[in-house]
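Novice: Assembling the complex is the task here: the two chains are given apart, and the hints tell you how they should meet.
Line by line, the protein sequences give chains A and B. All letters in the first sequence, in the order written, are residues 0 to 186 by numbering that gives the first Met the number 0. All letters in the second sequence, in the order written, are residues 0 to 224 by numbering that gives the first Met the number 0.
Everything labelled a hint here was simulated from the structure, so no lab data went into it. Fair warning: there could be bad hints in the mix.
[Claimed, not checked] Computed list of lysine-lysine pairs in DSS-like fashion (alpha-carbon distance at most 30 Å, straight line):
#, chain 1, residue 1, chain 2, residue 2
1, A, K37, B, K90
2, A, K52, B, K98
3, A, K52, B, K167
4, A, K127, B, K90
5, B, K98, A, K37
6, A, K143, B, K167
7, A, K61, B, K90
8, A, K66, B, K98
9, B, K167, A, K58
10, B, K204, A, K89
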Amino acid sequence: MNKVLHIMITLTVIGVIAGGVLALVNIWAEPRIAANQKLETELAIFLVQKEGKSYDQIKINKGELYKVYDEQKNPIGYSLVYEGNGFQGKIRVMIGLQTDLNKITSIEILEQTETPGLGTKVTDPPYKNQYNGLVTSPEIKWVKGKPPAKPNEIQAITGATISSKSVVAIVNEGISELRRLKNEGKI
Amino acid sequence: MKKQISYWREYFKGLWEINPTFKQILGMCPTLAVTVSVINGLAMALATTFVLVFSSVLISLMRKLIPNQVRIAAYIVVIATFVTIVDLVMKASFPVLSKALGPFIPLIVVNCIILGRAEAFASKNSVLRSFLDALGNGTGFLISLLLLGTIREILGSGTVLGYPVLPKGYEPMLIMILPAGGFLTLGLLMGLANFYTDKKDRAAKQTLKGKYMIPANEVLKETEA
Numbered sequence: 000m001n002k003v004l005h006i007m008i009t010l011t012v013i014g015v016i017a018g019g020v021l022a023l024v025n026i027w028a029e030p031r032i033a034a035n036q037k038l039e040t041e042l043a044i045f046l047v048q049k050e051g052k053s054y055d056q057i058k059i060n061k062g063e064l065y066k067v068y069d070e071q072k073n074p075i076g077y078s079l080v081y082e083g084n085g086f087q088g089k090i091r092v093m094i095g096l097q098t099d100l101n102k103i104t105s106i107e108i109l110e111q112t113e114t115p116g117l118g119t120k121v122t123d124p125p126y127k128n129q130y131n132g133l134v135t136s137p138e139i140k141w142v143k144g145k146p147p148a149k150p151n152e153i154q155a156i157t158g159a160t161i162s163s164k165s166v167v168a169i170v171n172e173g174i175s176e177l178r179r180l181k182n183e184g185k186i
Numbered sequence: 000m001k002k003q004i005s006y007w008r009e010y011f012k013g014l015w016e017i018n019p020t021f022k023q024i025l026g027m028c029p030t031l032a033v034t035v036s037v038i039n040g041l042a043m044a045l046a047t048t049f050v051l052v053f054s055s056v057l058i059s060l061m062r063k064l065i066p067n068q069v070r071i072a073a074y075i076v077v078i079a080t081f082v083t084i085v086d087l088v089m090k091a092s093f094p095v096l097s098k099a100l101g102p103f104i105p106l107i108v109v110n111c112i113i114l115g116r117a118e119a120f121a122s123k124n125s126v127l128r129s130f131l132d133a134l135g136n137g138t139g140f141l142i143s144l145l146l147l148g149t150i151r152e153i154l155g156s157g158t159v160l161g162y163p164v165l166p167k168g169y170e171p172m173l174i175m176i177l178p179a180g181g182f183l184t185l186g187l188l189m190g191l192a193n194f195y196t197d198k199k200d201r202a203a204k205q206t207l208k209g210k211y212m213i214p215a216n217e218v219l220k221e222t223e224a
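Here chain B stands alone, though its shape is the one from the complex (with noise of 0.2 Å):
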């Protein structure tokens, strides 16, 4: 029986530990694609974060029937049928907001966040574990998404949720909700995540205690195999 982390912990690490745009450099097209405002990103993250976390519960619960051979098409059928359900769903309720989202909905069928942890983690993990990661991943990905939607939306339209809140004089930049702003805005923030990452590690590293603690992606070694 191998050595498993809280189930806390389960949810927690998401956020930051193997968040998957910073850390596991997952789902980069709907990440840089829908941010050029905060609403964007946080429906897109929501919607993604429903597939996955159903999906991921799902795949959980199947996992001892589905044959080794096929598991990669069972896994699609599943999250392509949540996919179509939330397009379905938002056509239907709120059109305004699936216009703006316009083909990226489908595209969560592909969306490699979703994929990874059914393959990586739903596929060999019991259903309460699977649903923590799925609602850890989602969380981290609204996340992500928001930080980026705000940075852009506020230096590319001067607004934030669509009210304004930089002074009038205030020249937009336009670059920053082009697609070149989501590259360096995406470029900057995971540097600046890395350098945060790196220096904890040094400073854990120096002290005494730091020789006995298990560094993080150990832990997350252990637990993704």
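The shape of chain A in the complex, shown without the other chains (with noise of 0.2 Å):
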């Protein structure tokens, strides 16, 4: 009986002690985390639209969606963080979209997982600097092997055709997501 007793408390002192360490570290590191996570996004909505200065987020169902506003508070564009399936995992995209949504600012690779060296190719401005200035309609379209021939065409990676393609699909996704929410009035 003393034996378990024995056990019990030391357990219950060890495990009340590692809480609350633990629950002090937090008080001190949660607001300093929250802040590196809105900075981070931050950077990623003005990244894609570089004359924003100012944003608001739009709550939708899929993705996340910021409108972008410059100096004078005039909308410039939207910044849509928009996710789907790479060669490997999830790639996450924040895609910078004029207001009319015809033409792509510009795009950023926000989380991949695909191939070291190859996949991951799609984030080097070779790749992501085709999207500067993108015609968007009637959708994107890649080719391979040859350079881009049509304003609405990009071309794929050689080495990395599938994480290419993935990368056009769900930029294409996210746009057609917001032609309907636009053809809804809702954004």
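Specialist: So, in structure tokens, the structure goes:
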């Protein structure tokens, strides 16, 4: 009986002390972690909307949508966070769009788990800069092995076709979702 | 009273004689996963060393209070507490690093180096010895991760700490930063380490002096017993 009591008391004391210490550390860390996350989101929003100065978040069902304004508070476009499947896992893309949704300002890959050195090339400027000023109607197309001819085309990366295609699909899907919302007058 | 090795050796044995990666073969999962670059290996080793030192000291302090039946549970709670502290501090102060190491920080809880040293050493030895043992093992882990990280980053990306070190024409060997490269590097280094130890043991046996010397692994058995 004494033995059992000893075991119970020891484990309880250890647990209580551990919990207390963690609570204290969390009080210190929590606001900092929240601030970091906010900073990261803001950075990404303005990365794809270079002239943006302020933003509003709009609630949508899938993804995150931010309406971006310039210095005079005129709306200049949207920043949309959208995700979909890549080659190995989820790819999260920040898409910058003009207010009429007809042109992309630029895109940024926020998260990906593609093959290092191959699929990860979608995060490099040669690939993602192709989206700067890309026309989105009727939809974005990709070509392989030759430079894009039409204003709504991008060239897929050799050796990373699936990752390239995935990004195109995610961007298309995100834009068509926004178009639907716009037609319904929700944004 | 059993014979004890000097404090100095208590620290230094972790660097080579019982190097956690090459000799104890502990903590393989983080070793293989994070050593794609030098900086990741460095951060992982420092985080592990921090947890290892603090939990070893605390477990050594409590070694007479904890009932034998629940010692593992108690160790895990102590280790998990320190790991959570590291995780929170990193998320709060070094968000970039914390993102790169991703799920591997919480996994330090079950890193067998820490539980292994707690069970094999800290639970039986004085606080000072446990501290030195933990620090030594941490340093050994750091050396191995830096070694693996440097080799893989140079061959796989042509850089060290992000700075290019190889001529521009060099085509990086992608396999080195993929999981397969981790296994290859680790296997070769481990083979090299064993080859060296074998050769030294054989050389020691052949000299007259060797007959009177206690082999390194028996010294260790004594301290761990």
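Novice: Does each hint fit the structure? Answer for all of them.
Specialist: Consistency of the hints with the structure:
no., hint, in the structure
1, A:K37 x B:K90, "holds, 13 Å"
2, A:K52 x B:K98, "holds, 27 Å"
3, A:K52 x B:K167, "violated, 39 Å"
4, A:K127 x B:K90, "holds, 28 Å"
5, B:K98 x A:K37, "holds, 15 Å"
6, A:K143 x B:K167, "holds, 27 Å"
7, A:K61 x B:K90, "holds, 26 Å"
8, A:K66 x B:K98, "holds, 27 Å"
9, B:K167 x A:K58, "violated, 47 Å"
10, B:K204 x A:K89, "violated, 58 Å"
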